[in-house]
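Residues per chain, in single letters:
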Amino acid sequence: MNERQQMKRQRLISVAAVIALAAGSAVAIAPASNAAPKTITLAFQGPLTGEEASVGQDELAGMKYAIKLFNAKNKGKYNIKVVEADDQGDPAQSAKVAPGIASNKKIIGLVGAAYSGATIAALPYYKQTLLPMISPSATRVSITDPAAQGGAMGVPVFHRIPPTDKVQGPSLFKLATNGVPSPKVFVVDDQSAYGVGLVDYMKPSIPAGQSAGFDSVSDKTTDWSATISKIKTAGANVVIYTGYFPQAAPFFKQLRDSGYKGILAGGDGVLSPTFVTLAPASVLEGVRLTAGTVPLAEISAKLEADFKKKMGKSSGVYAAEAIDATNVFLSCVTKGASTREAMLKCVKAYKGKSLTGATIKFDAFGDVAGGGMNGFEVKGGVITFTGPVK
Amino acid sequence: MIGNFLDQFWSLTFGGLSLGFIYILIALGYTMVYGVLRMINFANSEIFMVGTFATIIVIRDLFKFTQASEPATGLRLWLVLATALIFSMLVSGALSMLVEIVAYRRLRRMNSGVLAPLISAIGVSMVLAESVRILTDSRPVASPRAMEKKFIGQFFDAGIRIDNTIIVTSALILFAVLITFVNRTRMGKAIRAVSMNPNAARLMGINIDGVVSATFLVGGLMTGAAGFFYTLKYENTASNIGFELGIAAFTAAILGGIGNIKGAFYGGLALGLLETYASFFLGTQWKAVTVFVVLVLVLYTRPNGLFGEALTQTRA
Amino acid sequence: MINLRDKGAAIWENQGRFGRIGIALGAMTVAAALPFMGGTILNTPIADYESVLVYPIAMFVLMAIGLNIVIGKSGLLDLGYVAFFAIGAYTMGLLGTRTGLNTWEILPIGIAMAMFSGIILGVPALKLRGDYLAIITLGFGEIVRIVALNLGTLGRSEGIINIPTPPGIFGIEYRFDSHRIYYWTLLMLILLAIWMVRRLSVRRAGRAWESIRQDEDAAELLGVPTFKYKVWAFVLGASVGGAAGVFYASKTLFIAPDNFTLQISILILACVVFGGMGNIWGVILGAVILGYLPDRIRFISDARLLVFGLVLVIMMNLRPDGLLPRKKREKVLPNKEKP
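Chains as they are written, first to last, in the numbering used here: chain A, 1 to 390; chain B, 1 to 316; chain C, 1 to 339.
So that you can see chain A by itself, here it is in the shape it has in the complex:
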């Protein structure tokens, strides 16, 4: 079975699961017993207000969606509460939110933190109180890297769904240059820890003579003409942007409008359904993207439609990761985990399927073991799966 078919089959499984869920809720069986629902409290930590709110709000919607599906399936058996811990993506805010979450013993699992910086600032408190965390988007390598300064600082509580920058960096380069006879690659980062990290881990995999240059552009930039001039001067035919979709779309648009004909590529920060709404389809045609997961609409249009119906807005960046992270906790809840210790033990031992059907199992440092990267391409204004990047 080739990759494409396998992917299709995985997708079929997911679709079947969703339909089954829908059917389950349609039948609407009354709870078998009148026992009071078991209250479980989870928390979400990420930026929910301020300038960075976009990422956190999208992930929170993913988490709430997963809980809605779960409630529909387990009618009345559980009462899942979510504590929304807004850290504005800022380590300083995280450092005061974290002790509050850590000392609230009702909370037995945390989805987040969304940002790596906020994660690092929060870790001492969560480690001390053994609060299991599963992050949908904190991809900084050092958190789980035993070779990093001070060892893998996330052990034992930190887990994450997406592959690290170390995995994604080289994969992104590979995908971007795939099939290009003599690539000259220009890499632009957004000065965030995420973007710079990706570039740092991409650099060693760029063969001599294939690099056309680097630029580092603040994520508040709106005018890209200087960077575009550099790209043209360097004669690049592949441009990789390591940042988030709100900047990627205008950058790519301005680059194309200036007459650039080469390849455009980006990482999982760009892979948001909103991305394709930010520029005309003709501009984004052929943009190559990598991510550890796939967007909901790509799993099935039905899933995306259901998400939109239930949450009142389309799914966003890292939505699938947030759903996966929440599902790990929820599945542990059905296995009876109701304390932090039990939850942590269950998460460590967890083995299950992600939305895409890939296996989720955390290694000793909290990364999904063997998590590979998927490749995508924008075709006709839709992000389509093109197969794993190897």
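Source of the hints: derived by calculation from the structure; they are not laboratory data.
Treat the hints with care, since some could be wrong.
[To be verified] Per label pair, the in silico range of CB-to-CB distance:
(1) C:Ile41 - A:Gly312: 33 to 43 Å
(2) C:Phe116 - A:Ser282: 49 to 59 Å
(3) C:Val30 - B:Leu135: 35 to 45 Å
Just so you know, even glycine gets a beta-carbon here, dropped at the ideal spot from N, CA and C.
Knowing the structure of chain A, use the given hints to seat chains B and C on it.
Frame of chain A, contents of chains B and C only:
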């Protein structure tokens, strides 16, 4: 590097110029108010942000453009552009007047100095930015393409694009209208009089509140126009774009000499070019540093900016 | 409108020596007892109450006292105060992780670094006036952040991790989660800063600042070396910011450029003006309220900052001179040029 720079000189220059004209229009919002009230109108950045959304509302919701639709041509194109420009100017102008009434008027009457209105303005900025953020689900919003971005000419190696041409010419026209307004009309004279000496102006029977409202309206109109041009050029906006652009435009106003309309003009152009050249030479990450070093040098040699303060000096 | 400051001052001035000591001790006791009030209405939802007391509240109070020297005492508008906080924090981060020095040894170095950068910035910037100073200081704040963002030794956007906590003194252990200890230490620093400001305000420097704030030209004509005293105010303000930075880095164990954005400068400025510029009790009250409010109203979740902005607008309009304004006689005469 120099060779590369010469290759790219004209395209960098055009990029810098059209960015500079957007800065000019926002800077006018700061400089007009400063000229009359000697006060930093901190909320101007968010008035600009609202202006960009006003443009999108016209293009997307009134004329029903989508990302997939064909750009308009001919008469319809001009109709769309004119409607969007006027609507954005009106929305921002009205908002600017409203901000003055809500955040500044009471404080001005109490003679409270410059800091209380500054903090009040910061509060207004937060309210505006956060309201728009909540209304847009914290997501960026794109403007569908209303105008095809074609090249209409060639200048050395650089293509001249239609949207940049429209921005530069319309901004020049708006600027000329503003100069005429300030120098030739009754209200313009009143604005200058208040700017020169408010107490004498009051004694001469000038309605200070009316003049201040008019100043905010004019500043808001210009800032709204900047919102339109910005959206036309970049076709994207978000609730958080105001802050960065506002700081840049404020820098431009100071570079030229805040309170001076011509100063805003040259300051905006200088800043647009400086940012673009500095990004090319030193790397984009050092852009802001370069700008501020140049600003310090300019202010050190010419303590009132390139063209000095005060609206009174607008006559050449 | 009732002038709370004058009422308060009347109470203060009508007391004898013992009465004054009593009031001061009472205020200190209340401040010191705050960590024990977590179970009351003061408690913050979601965020940890005791952590909130350390940062933002106590930290903001300390910084606001420092900024008040610059703005409230000498009338210089500084929009880049976060720079000194950042310089202190990065001094702690670098020396704490690279050398064997501990927090108490680094504290004077961090203060010196902040003061030194205050001179570097102040000497050229203070030749300029008013709003130009605002934009130059704003730029300086951004430059410090951008340098930290791009310099490899400062960890770039990843920042510096594993910064050591202060070593114990007098048998008190500083663990990363002993928020109360940090809070009480900060109270000591705050008292020290207040003492410094009060000592200086009644001396030559204080009078010079007051004259600069009221009318700089007249002060210069009367022989006050205004430039020297402006730089001095700026550098003193910087030293308090630097001290706050060192201590902050030693508390959070991890710093990154994201901690030192322009928003912090603006927020501290808001604390000073909101509370009552030039009056130390007002400044403290302003910092306490603005530091505390966003965390107290977390239950409104999404609209939290919106409400915060509204509070700023409404309160500034109701009390333009701040919650506890400076004494009437200290107020600047209204500028005749103003409409």
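Hints and how they fare:
1. C:Ile41 - A:Gly312: 33 to 43 Å: holds, 34 Å
2. C:Phe116 - A:Ser282: 49 to 59 Å: holds, 55 Å
3. C:Val30 - B:Leu135: 35 to 45 Å: Taking Cβ atoms as reference, valine 30 of chain C and leucine 135 of chain B lie about 42 Å apart, which means the hint holds.
Against the hints set out earlier in the document, no violation occurs for any number.
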